[in-house]
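Student: Using the hints, position chain B against chain A.
As you go down the protein sequences, you meet chains A and B in turn. So that you can map any letter, position 328 of the first sequence is 328 in the numbering used here, and since no number is skipped, the others follow by simple counting. So that you can map any letter, position 50 of the second sequence is 50 in the numbering used here, and since no number is skipped, the others follow by simple counting.
Fair warning: there could be bad hints in the mix.
Simulated crosslink set (DSS-like; lysine-lysine; CA at most 27 Å straight-line) [as the list claims (entries may be wrong)]:
| hint | chain 1 | residue 1 | chain 2 | residue 2 |
| --- | --- | --- | --- | --- |
| 1 | B | Lys143 | A | Lys143 |
| 2 | B | Lys19 | A | Lys44 |
| 3 | A | Lys349 | A | Lys191 |
| 4 | B | Lys109 | B | Lys143 |
| 5 | B | Lys271 | B | Lys44 |
| 6 | B | Lys44 | B | Lys109 |
| 7 | B | Lys19 | B | Lys44 |
| 8 | B | Lys143 | A | Lys44 |
| 9 | A | Lys44 | A | Lys19 |
| 10 | B | Lys44 | A | Lys19 |
| 11 | A | Lys109 | A | Lys44 |
| 12 | A | Lys109 | A | Lys143 |
For the record, the hints were derived by calculation from the structure and aren't laboratory data.
There are 2 protein chains.
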Amino acid sequence: MIVVQKYGGSSVADTDRIKRVAQRVAAARRGGHDVVVVVSAMGKTTDSLLRQASEISVIPPGRELDMLLTAGERISMALLAMAMHELGYTARSLTGSQAGIITDAVHGKARIIDVTPGRIRQGLDEGHVVIVAGFQGVSRDSKDVTTLGRGGSDTTAVALAAALDAGVCEIYTDVDGVYTADPRIVPGARKLARVSHEEMLELAAGGAKVLQVRSVEYARNHGVAVHVRSSFSYSEGTWVDNGDDMEQAMISGVAHDTGEGKLVIRGVPDKPGVAARVFTDLARANVNIDMIVQNVSSDGTTDISFTLPLADGPRAQLLLEALLPEIGAEEITFDTDVAKVSLIGAGMKTHPGVAATMFAALSDAGVNIEMISTSTIRISVVIRADAVAPAVQAVHDAFGLAEPDVAGVGGRVSGASGRGRRVTEAQA
Amino acid sequence: MIVVQKYGGSSVADTDRIKRVAQRVAAARRGGHDVVVVVSAMGKTTDSLLRQASEISVIPPGRELDMLLTAGERISMALLAMAMHELGYTARSLTGSQAGIITDAVHGKARIIDVTPGRIRQGLDEGHVVIVAGFQGVSRDSKDVTTLGRGGSDTTAVALAAALDAGVCEIYTDVDGVYTADPRIVPGARKLARVSHEEMLELAAGGAKVLQVRSVEYARNHGVAVHVRSSFSYSEGTWVDNGDDMEQAMISGVAHDTGEGKLVIRGVPDKPGVAARVFTDLARANVNIDMIVQNVSSDGTTDISFTLPLADGPRAQLLLEALLPEIGAEEITFDTDVAKVSLIGAGMKTHPGVAATMFAALSDAGVNIEMISTSTIRISVVIRADAVAPAVQAVHDAFGLAEPDVAGVGGRVSGASGRGRRVTEAQA
Chain A
1 MIVVQKYGGS SVADTDRIKR VAQRVAAARR GGHDVVVVVS AMGKTTDSLL
51 RQASEISVIP PGRELDMLLT AGERISMALL AMAMHELGYT ARSLTGSQAG
101 IITDAVHGKA RIIDVTPGRI RQGLDEGHVV IVAGFQGVSR DSKDVTTLGR
151 GGSDTTAVAL AAALDAGVCE IYTDVDGVYT ADPRIVPGAR KLARVSHEEM
201 LELAAGGAKV LQVRSVEYAR NHGVAVHVRS SFSYSEGTWV DNGDDMEQAM
251 ISGVAHDTGE GKLVIRGVPD KPGVAARVFT DLARANVNID MIVQNVSSDG
301 TTDISFTLPL ADGPRAQLLL EALLPEIGAE EITFDTDVAK VSLIGAGMKT
351 HPGVAATMFA ALSDAGVNIE MISTSTIRIS VVIRADAVAP AVQAVHDAFG
401 LAEPDVAGVG GRVSGASGRG RRVTEAQA
Chain B
1 MIVVQKYGGS SVADTDRIKR VAQRVAAARR GGHDVVVVVS AMGKTTDSLL
51 RQASEISVIP PGRELDMLLT AGERISMALL AMAMHELGYT ARSLTGSQAG
101 IITDAVHGKA RIIDVTPGRI RQGLDEGHVV IVAGFQGVSR DSKDVTTLGR
151 GGSDTTAVAL AAALDAGVCE IYTDVDGVYT ADPRIVPGAR KLARVSHEEM
201 LELAAGGAKV LQVRSVEYAR NHGVAVHVRS SFSYSEGTWV DNGDDMEQAM
251 ISGVAHDTGE GKLVIRGVPD KPGVAARVFT DLARANVNID MIVQNVSSDG
301 TTDISFTLPL ADGPRAQLLL EALLPEIGAE EITFDTDVAK VSLIGAGMKT
351 HPGVAATMFA ALSDAGVNIE MISTSTIRIS VVIRADAVAP AVQAVHDAFG
401 LAEPDVAGVG GRVSGASGRG RRVTEAQA
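One chain only, chain A, in its complex shape (with noise of 0.2 Å):
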């Protein structure tokens, strides 16, 4: 059996921390298996390139930017390979482009698409351990190196799995795997023994930080089996599949969100194509959208209200103050004090109530809503960012997540929050 195995930047941190996820890639070498590994750069690499960057250019142009960054894998990489050998087994450590990641020519935040793994299976079927660069690719056309954003990791590694038609990805991380919420805000909060890919892409998009959304919109797409688990432990973590076999939990957990804002367009005339253009000119500038809401108003005017990354609002809204006189509207605001929390669950959709039932959860907490939006599997609602911890609490214990599966009211959900880019496309 192939197994893909991902190491992020904390578990290759040091040339101590390479030793020991050397010994874990031996150990599942010894359990008979063939092993492909994929490295992220190691901790603060990325950060210190892009300091570097920023000293000789406010924006420097996206193909040198990819081409710097790439260093840093091909360090990790390299080392690790060195420290299996130590260990007496063979490695052989490959650049995004060896190992056959064909992207299109988006520099910064490219897209997969096409992996030809030639030289992954020459070097399995020659016994080595196979190490690839996480996060970047090289471009179909133009044949240059490509990285696929941050994160991006997470995604090669599914990319290879599915390429390799891999038992299973394992996703090693700081975390023991997706928690029904923030263990750092609901100490009650428990791990999920398994989640459907559904449910992870909402907990992602929600603000689950232990997934790329990415890596698991590629999952659910080719029915990868996802394994998040810890780099510091040999505890089972979380199973990510497609949730065929599984019970379905009425919810499985609670994400929040503090890396966005909320941006608001008010008196915005209510006719034909200001919303289109709107958007239009917020995607060619490259600003991802999260949730967006609009209520016509009585007077014939209205307000567009959206979130987005906290990193790209000055953007936006430069970008939409230019616009102003256009559209006719009023003006624009950009509040960066909010949070959302999100409530996700596959049984929500044949379960009637559990919108009430979060809303009354909040309001008896104290906790004013501010935006909403639904799918058929997440609720989502925007509250001041100072709310979050009382909030997230609430939900949590209003469905009884805490407890081991009760009742077809069983409990899953999301690790890791906190300030940080998000890479959510739009989903309003």
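Tutor: Chain B in isolation, oriented as in the chain A frame:
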């Protein structure tokens, strides 16, 4: 005209220096030239990567060490490309592989066997400054990343200049040219305006660190004109070319090298095959031999002495001690306290008495000669390490090298020396 410029590690040691290099490249571009820039890794990057490797493995596998080290130029070339963009010039950075530097598969000291600069030409045709990672290539058969050995960026630059039929290959360094002797030892040393490939080869082999021996060999074999100059000034440096139209100065300069040790095998039975056996074994162990001296004695035994890089000494000693019983020799000694002083000049082959003058000068200065080795355009002696300064000064004075070209006894030679690794193959 195509100009190839090479900048070493000290020229790109930090982002400020990279910006200064960009200014200089821009000046060449404004001069109407197509510019190909070859860069080394920033300052101490290579040493830092080697240190990390040593934390993991005593003898890391060559393939992986090359993968690791090539991260260094990747960083410097991408940053330089960004700096060019900041100045309003478009630039494309290319790895050794992308630039078409095809090598054999000897990791750590690969030799260039072909150059296929299609992507460089394309980049130039599109109006870009093309920036190439020095020191690295890709093996023809296995398509693995290789390195050319320390200082290999000089060779990359010369090889590209040859393949592109460039007008000049400019090697930028921290000294402003090639001197008649190391100016730190001989205050009156004179910068040479021109020196022939042959003389430069002997100077480099004799310890002048300003150019790597292999790059000079490559330049000689392919007729590439090299301009060695300072990255900190715009003044002319030293031209290294085929020397056809030069007046042949009798002596071009004095080089010295304190980076070697002397190994003596005493009491070797004087019978056929012993030397062959010794040097075959040393070659297999990748020990670089420099001067070899053997005198047959009257009692049927002989001493074999040779010099070699200090770093290779312990390995050679171990290897030869194991061989002692078989070859019937008495003992091995390794003397690290020696220096080599070489007098180089294309004109000396037609002038008798040069050796006599040199030996007399050393004798007058109280310097004892331990070994002598000569070629048609070079005389080298091995002396005590602490005698190197008076020895170089005495020889420099004896041939009047401080005076600008007088009566056929013109001046020429070499720059920086000091303890360090040499790359010469056996030349005895």
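Student: Taking the hints in turn, state whether each one holds.
Tutor: Hints, one by one, checked against the model:
Distance check on the hinted pair: B:Lys143 and A:Lys143 sit about 16 Å apart at the alpha-carbon level, within 27 Å; holds. For a cut-off of 27 Å, the pair hint linking B:Lys19 to A:Lys44 stands: about 24 Å separates their Cα positions. Distance restraint check for A:Lys349 and A:Lys191: the Cα-Cα separation of roughly 23 Å lies within the 27 Å cut-off, and the hinted pair is therefore satisfied. The suggested pairing of B:Lys109 with B:Lys143 holds, with an alpha-carbon distance near 16 Å, which does not exceed 27 Å.
Annotation: proposed proximity of B:Lys271 to B:Lys44 is violated, straight-line Cα distance about 49 Å (limit 27 Å). A threshold of 27 Å between alpha carbons decides the hint, and for B:Lys44 with B:Lys109 the separation of about 20 Å falls inside it, so the pair holds. Distance check on the hinted pair: B:Lys19 and B:Lys44 sit about 18 Å apart at the alpha-carbon level, within 27 Å; holds. For the hint linking B:Lys143 to A:Lys44, the alpha-carbon distance of about 30 Å lies beyond 27 Å, and the restraint is violated.
Restraint check for A:Lys44 and A:Lys19: satisfied, since their Cα atoms lie roughly 18 Å apart, inside the 27 Å limit. For the hint pairing B:Lys44 with A:Lys19, the CA-to-CA distance comes to about 24 Å; that is within 27 Å, so the pair holds. Restraint check for A:Lys109 and A:Lys44: satisfied, since their Cα atoms lie roughly 20 Å apart, inside the 27 Å limit. For the given pair, A:Lys109 sits about 16 Å from A:Lys143 by alpha-carbon distance, which is consistent with the 27 Å threshold.
Hints 5, 8 from the list above are not met by this structure, while the remaining hints are.
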